[in-house]
Amino acid sequence: MARAVTSQRKAINTAVAWTIGLAIFFPILWTFLTSFKTEAQAIADPPVWFFFDWTLDNYRVVQERSNYTRFLWNSIYIAGGSTLLGMIIAIPAAWSMAFVPSNQTKNILLWMLSTKMLPAVGVLYPIYLIFIQLGLLDSRFGLTIVIMLINLPIMVWMLYTYFKEIPGEILEAARMDGAGLREEILFVLTPMAIPGIASTVLLNIILAWNEAFWTLNLTASRAAPLTAFIASYSSPEGLFYAKLSAASTMAIAPILILGWFSQKQLVRGLTFGAVK
Amino acid sequence: MSTKASRFSARLMLAPAVILLLAWMLVPLTMTLIFSFQRFLPLRGGFQGWVGFENYIRFVNSSAFWPAVQTTIIIVGGVLLITVILGILLAILLDQPIWGQGVVRIMVIAPFFVMPTVTGLVWKNMFMDPNNGLLAYLWRFFGGDPVVWLSDVPVFSIILIVSWQWLPFATLILLTAIQSLDSDQIEAAEMDGAGTLSRFWHIILPHLSRAITIVILIQTIFLLAIFAKIFVTTQGSFGTRTLTYLIFQRVLESQNVGLGSAGGIYAVILANIFALFLMRIVGKNLDR
Amino acid sequence: MGEIVLEQVTKSFGDVTVIPPLDLTIEDGEFTVFVGPSGCGKSTLLRLIAGLEDVTSGAIRIDGRESSTIPPAKRGLAMVFQSYALYPHMTVRKNIAFPLRMSKMSKAEQDKRVEQAASVLNLTDYLDRRPGQLSGGQRQRVAIGRAIVREPAAFLFDEPLSNLDAALRVGMRLEISELHNRLKTTMIYVTHDQVEAMTMADKIVVLRSGHIEQVGSPLELYRNPRNLFVAGFIGSPKMNLIEGAEAARHNARTIGIRPEHITVSAEEGQWSGLVGVAEHLGSDTFFHVHDTGLAETITVRADGEVSFKHGDRIYLTPRTEFMHRFDEQGLRLP
Chain A
-9 MARAVTSQRK
1 AINTAVAWTI
11 GLAIFFPILW
21 TFLTSFKTEA
31 QAIADPPVWF
41 FFDWTLDNYR
51 VVQERSNYTR
61 FLWNSIYIAG
71 GSTLLGMIIA
81 IPAAWSMAFV
91 PSNQTKNILL
101 WMLSTKMLPA
111 VGVLYPIYLI
121 FIQLGLLDSR
131 FGLTIVIMLI
141 NLPIMVWMLY
151 TYFKEIPGEI
161 LEAARMDGAG
171 LREEILFVLT
181 PMAIPGIAST
191 VLLNIILAWN
201 EAFWTLNLTA
211 SRAAPLTAFI
221 ASYSSPEGLF
231 YAKLSAASTM
241 AIAPILILGW
251 FSQKQLVRGL
261 TFGAVK
Chain B
80 MSTKASRFSA
90 RLMLAPAVIL
100 LLAWMLVPLT
110 MTLIFSFQRF
120 LPLRGGFQGW
130 VGFENYIRFV
140 NSSAFWPAVQ
150 TTIIIVGGVL
160 LITVILGILL
170 AILLDQPIWG
180 QGVVRIMVIA
190 PFFVMPTVTG
200 LVWKNMFMDP
210 NNGLLAYLWR
220 FFGGDPVVWL
230 SDVPVFSIIL
240 IVSWQWLPFA
250 TLILLTAIQS
260 LDSDQIEAAE
270 MDGAGTLSRF
280 WHIILPHLSR
290 AITIVILIQT
300 IFLLAIFAKI
310 FVTTQGSFGT
320 RTLTYLIFQR
330 VLESQNVGLG
340 SAGGIYAVIL
350 ANIFALFLMR
360 IVGKNLDR
Chain C
322 MGEIVLEQVT
332 KSFGDVTVIP
342 PLDLTIEDGE
352 FTVFVGPSGC
362 GKSTLLRLIA
372 GLEDVTSGAI
382 RIDGRESSTI
392 PPAKRGLAMV
402 FQSYALYPHM
412 TVRKNIAFPL
422 RMSKMSKAEQ
432 DKRVEQAASV
442 LNLTDYLDRR
452 PGQLSGGQRQ
462 RVAIGRAIVR
472 EPAAFLFDEP
482 LSNLDAALRV
492 GMRLEISELH
502 NRLKTTMIYV
512 THDQVEAMTM
522 ADKIVVLRSG
532 HIEQVGSPLE
542 LYRNPRNLFV
552 AGFIGSPKMN
562 LIEGAEAARH
572 NARTIGIRPE
582 HITVSAEEGQ
592 WSGLVGVAEH
602 LGSDTFFHVH
612 DTGLAETITV
622 RADGEVSFKH
632 GDRIYLTPRT
642 EFMHRFDEQG
652 LRLP
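Chains as they are written, first to last, in my numbering: chain A, -9 to 266; chain B, 80 to 367; chain C, 322 to 655.
Straight-line alpha carbon distances no greater than 27 Å define the calculated DSS-like cross-link-like pairs of lysine-lysine that follow: (1) Lys106(A) to Lys96(A); (2) Lys96(A) to Lys363(B); (3) Lys254(A) to Lys363(B); (4) Lys106(A) to Lys363(B); (5) Lys154(A) to Lys363(B); (6) Lys106(A) to Lys254(A); (7) Lys415(C) to Lys395(C); (8) Lys154(A) to Lys415(C).
Short derived list, chain C residues pointing at chain A, Cβ under 8 Å: (9) Leu373; (10) Ala399; (11) Ser404; (12) Tyr408; (13) Pro409; (14) His410; (15) Phe419; (16) Arg467.
According to the in silico footprint, chain B covers these stretches of chain A (three or more CB under 8 Å from chain B): (17) 110 to 122; (18) 198 to 206.
Derived from the structure by calculation, the hints contain no laboratory data.
None of the values given here were measured: they were computed from a predicted structure.
Think of the CB as a built atom: it goes at the ideal place given N, C-alpha and C, for glycine as much as any other residue.
So that you can see chain A by itself, here it is in the shape it has in the complex:
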């Protein structure tokens, strides 16, 4: 819809858009700025903006006080592990449905989607119980499995829509050229699917990183990732805004960066291919 517009119109649009954009972004910006203040400056009246004594103390304190690295490592383990495991299961499944569809394919896809709609709270106790029985409560492995399973439908769907875009004729050409199933997947399908696979991985890491129902309910201290670490700040003692900000900044920074890369894929992933 890009059309020629007078530069006056453009200037007005720009001003409005930037104002709104900054307003929406402001809480993040403010958190970022506060993380470099002292606790006194963090609650100063009137608020201080840029001209304060920038300090890295909060980051140091957060690291020391709460063993931040352990939570970070747990987050990485769970997000990375669930994504890796999920992809190992989702890629063959999506491949099979995209390239060798049967008359059940559509139903299977929709059914998978329906499992994603299952409200977590409805199965909270059974999972809790199963976890206790299997000794998985507060274990990274158990959480990894659960998070992999809740995101598996999205992974399969996203990969499916990407695979669907690879023309079937190219795979047939490979077959005619003498490639067996293994060579077909290795030399033709995988290289062509890498952009789609990368986007799926990216989105899945974001979703797993921010998951905050199971991570809060199935962990205590050992396996708790950053979501739970931040939640531990909800009962404040004394001055802590700057430290909360530092912890928050560290928790969201990696995902913000990944998120910016995957804006476009996000739409496809979260709408199950219905909007591209």
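Once you've looked at the hints, dock chains B and C against the given chain A.
Just chains B and C, lined up with the frame of chain A:
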């Protein structure tokens, strides 16, 4: 494009995903269903007999149920209203040629990537705190009395926080949908004498209708399950206890598993009603 | 070698029968064209031969070897697809070498064959580009290159020219014909365009709803169409098919006369009518003539210099020696 051999290996490759999801869905759901017909109190010896539909009736008749339903509807409805309307306006604005479009886009989208617990705590403390929050400064600056957000207008506060997180999602999807609108159509409408407003009503809005429906359905499903933001802000007090939170409390806090499971089944049914509509739209899309 | 024999081959998708029992022999070295309207089963037939679809029943013999259960990779055939189906992530060189790499040929031999194919197809300068950087015609040549390097028993072409513009199509048609003349390998070529069929084929197979309507050389089909369908399908512009009293005069249900077999005059002739649309191609002119007293509009070919205009009265005389007669079932009368 398929031969028998490739069909067989395809089924084999699909199997792990199907089996895992089937187990993930059936096992816990069956357990919940069974618990819901039991008097089951883990702290007092667990299973204490079958009670038929008593839990279902008690859950609905409890004094907390209808307020929770009301809160859920107000929060979900409020967030949908705000995110969809603002999302449409923002999407149209971002579709216009502006300087620094990419940067504005990134700023608008950013809240979606923020961890829900961070969202909840940052808003609760740094913005809505009645003493040290930024909004309190703002109120004082204009000579007003600071609002005690999370206890004076708790539901509105939750709506505000959740909307901040989900507005980017609505905007991003609606923007994607607007960009797929053929500019020929707009130009044709212009040639036919349609003004800005009627172009919006008769061309842009109908074009967006499908995307809006999808946004509403997907958000509803996710919003019904909102948990972390309430967990770290009000813990369900001050009338912010949604259905999800109520069930959570019944199951894990008061450890009344039978009652909570009945509530869980209600939640499953509720979510499935919306899921059904969503799946019909997505399914139609598959046929194209 | 590349003799392909189909014996009682059938194909159904569920309850839908696409190919009823069908027999066909394609001789070694022959250029065979499957032609027919869309949905006639010609592409399905090609894919059955390729092995991309399983036959429901029947046998496919390639050089005497029953192949209907052999996977496509092992049939020794090469195929050129409508969309070219080039591997977008590989260079032209790697695209062409892919089948050789799959057959574990030595690197040196691979390079030799790729260079050879590239020089034949004028692709030498483009070997290190990706398909995305090539024009439609060049992509087409890469697809052909990929097919020829492996020296297959037969080439299968699935509407290979339909994505090209008109001028390129004529050029590629010639190139493929020349390739056939040089390689003398069996080629099976699927198209819906009867011009391609006429200009390229040694043997045309006309298909409709999975049935073979007629098999023969282009001129056989042109001169002696077995039935109304073939008569209407082969030839451009289409044969005039006339029913009613005029046909009855020739003891037929339907008579057919090609536009090029009618003489045109300003003064006298068997039929008279008014010129509707006149299409001046330069070399030829086609007139669509109304109000001849026949139910049908008659198309006639005249010399490019003949200059009747819209609304002119014109006289037509069919050359009876070229007239085709058909009975009630649409079959040709002797």
